[in-house]
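Protein chains: 2
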Amino acid sequence: MKNIAILGTGMVGKTIGTKLISLGHAVMMGSRTENNEKAQEWSKSNGSMASYGTFADAAASADIIFNCTSGQVSLEALQLAGRENLQGKILVDLANPLDFSKGMPPSLTICNTDSLGETIQRQFTDVKVVKTLNTLNCELMVDPGLLNDPGNLFICGNDPEAKFEIDSLLKTFGWEKIIDLGDISASRGMEQLLPVWIRLMGTLGTNKFNFSIVK
Amino acid sequence: MKNIAILGTGMVGKTIGTKLISLGHAVMMGSRTENNEKAQEWSKSNGSMASYGTFADAAASADIIFNCTSGQVSLEALQLAGRENLQGKILVDLANPLDFSKGMPPSLTICNTDSLGETIQRQFTDVKVVKTLNTLNCELMVDPGLLNDPGNLFICGNDPEAKFEIDSLLKTFGWEKIIDLGDISASRGMEQLLPVWIRLMGTLGTNKFNFSIVK
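Protein chains in written order, with the numbering used here: chain S, 1 to 215; chain D, 1 to 215.
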């Protein structure tokens with residue numbers, strides 16, 4: 001059992017949180033306010049191992065923190081979580097720096113020579129950032145068996161032990177073919193998969209698909 | 001038999017050119033100068049259906065033009081080919097706007113809210129630009145059977161008939177699972193696959209791989 005924080009109360013946060021509860025972990029869902037309705041509701045329907053609080057409460061309670069906030073507010077959410085509550089811990093970053101404000105398709109607010117994953121790692125130097133899962137619909141994140149062929153999962157980060165721990169956790173989600181792309185700068189490539197992912201979603205008429213690397 | 005121009009005398013141009021010759025097409029390889037050594041050598045070793053000349057000679061001779069120049073010089077090469085020689089024709093754009101001048105990994109000189117494919121289409125409005133093959137090593141471009149599972153090929157462009165014609169040509173290369181991503185703006189996603197492609201090449205230790213979309 002791990003103590004895990006989920007930052008964010010959207011679909012991604014709820015889906016990941018519920019999966020972690022089902023696997024026997026203690027999960028606190030964090031948001032801006034102490035009494036976020038969505039977090040309360042999620043907590044109520046997930047039993048005694050589920051709790052909720054502020055971003056800071058959640059981060060303080062946890063060994064592993066999942067950033068499930070929208071990429072546009074991730075840095076702010078992490079600041080609210082508090083440097084002292086994040087220090088030395090593993091931060092799993094699922095977010096994409098997508099800007100929908102100018103309509104579809106969204107653009108990336110950080111890309112090419114930088115990425116959100118790298119920005120978080122630079123701003124929180126004593127946190128072990130692990131980027132993964134960002135190119136999947138949240139139902140697939142926690143249940144790769146929904147696909148006939150689940151395909152590959154990408155992971156990157158600077159700390160090998162943190163990656164190993166998250167790799168093991170992802171295997172309990174059902175992921176088998178996990179490709180370690182190296183240090184956190186691989187976030188650039190992983191986040192830049194979003195434009196073709198969004199286009200594929202339109203072409204295929206579904207968000208239930210994944211990339212597989214074939215050789 | 002089609003009359004096809006190859007712009008560029010590098011590995012990509014030679015590989016595509018040789019494949020097209022083997023399929024019975026007439027191929028002229030174009031370069032900056034009339035007597036480029038590489039183009040002469042390629043032409044000599046590819047029989048009577050192979051010829052060479054300037055970018056303009058090659059474009060003038062062809063129904064279909066393959067842009068096999070490096071992305072950094074593609075626009076210049078197309079200007080040298082001449083608007084009048086390209087007009088109304090199909091331009092297959094394989095290039096990626098990669099800048100290696102600041103070392104590895106390269107960055108993209110155009111990305112996110114624009115792409116090389118779109119830039120070419122904007123600058124040459126009466127050319128039918130079809131973007132495809134840009135995420136593959138050139139040996140795989142012309143021989144997908146080198147992979148146990150060839151995976152998918154992406155294609156995009158504004159002109160449905162031009163895409164249909166190139167789709168048919170690519171099938172003669174051996175490509176079966178071709179995904180039409182829509183209009184030329186899909187070039188953004190296709191070109192932004194390069195950062196993760198380059199990272200994967202390092203991780204896998206080979207450039208003989210491809211993306212497959214699994215459902």
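Honestly, I wouldn't trust all of these hints.
Copies of the same chain look alike in the list, so a pair counts if it fits in one copy or across any two.
[As the list claims (entries may be wrong)] Cross-link-like lysine-lysine pairs, in silico, PhoX-like; alpha carbons within 20 Å at most: (1) K89 with K102; (2) K215 with K177; (3) K44 with K208; (4) K102 with K208; (5) K2 with K19; (6) K19 with K38; (7) K44 with K215; (8) K177 with K208; (9) K38 with K215; (10) K89 with K177; (11) K208 with K38; (12) K102 with K44; (13) K89 with K208.
I should point out that these hints are in silico values taken from the structure, not numbers from a laboratory. Nothing here was measured: the structure is a model prediction, and the numbers come from that model.
Status of each hint after checking the structure:
1. For a Cα distance limit of 20 Å, the shortest separation of K89 from K102 qualifies neither inside one copy, at 35 Å, nor across copies, at 34 Å.
2. Within a single copy, K215 and K177 get their C-alpha atoms as close as 13 Å, and across copies as close as 15 Å, so both meet the 20 Å cut-off.
3. Taking the closest pair of Cα atoms, K44 and K208 never come within 20 Å of each other, the shortest separation being 28 Å inside a single copy and 50 Å across copies.
4. Proximity of K102 and K208 under a CA criterion of 20 Å is satisfied in neither setting, with 25 Å inside one chain copy and 38 Å between copies.
5. In this homomeric assembly, K2 and K19 come within 20 Å of each other (Cα to Cα) only inside a single copy, at 13 Å, whereas the closest approach across copies is 56 Å.
6. In this assembly of identical chains, the alpha carbons of K19 and K38 lie at most 20 Å apart only when taken from the same copy (17 Å versus 59 Å across copies).
7. Taking the shortest alpha-carbon separations for K44 and K215, neither the intra-copy value of 46 Å nor the inter-copy value of 34 Å comes in at or below 20 Å.
8. Taking the closest pair of Cα atoms, K177 and K208 come within 20 Å of each other both inside a single copy (17 Å) and across two copies (18 Å).
9. Taking identical chains as interchangeable, the C-alpha atoms of K38 and K215 are never at most 20 Å apart, the minima being 44 Å within one chain and 31 Å between chains.
10. For the identical chains of this complex, K89 and K177 are neighbours neither inside a copy (25 Å) nor across copies (43 Å), given an alpha-carbon limit of 20 Å.
11. For the homomeric pair K208 and K38, neither the shortest alpha-carbon distance inside one copy (25 Å) nor that between copies (47 Å) is at most 20 Å.
12. Taking the shortest Cα distances, K102 and K44 never come within 20 Å of each other, neither inside one copy (37 Å) nor across copies (53 Å).
13. Proximity of K89 and K208 under a CA criterion of 20 Å is satisfied in neither setting, with 31 Å inside one chain copy and 37 Å between copies.
Violated hints, listed in ascending order, are 1, 3, 4, 7, 9, 10, 11, 12 and 13; each of the other numbered hints is respected by the structure.
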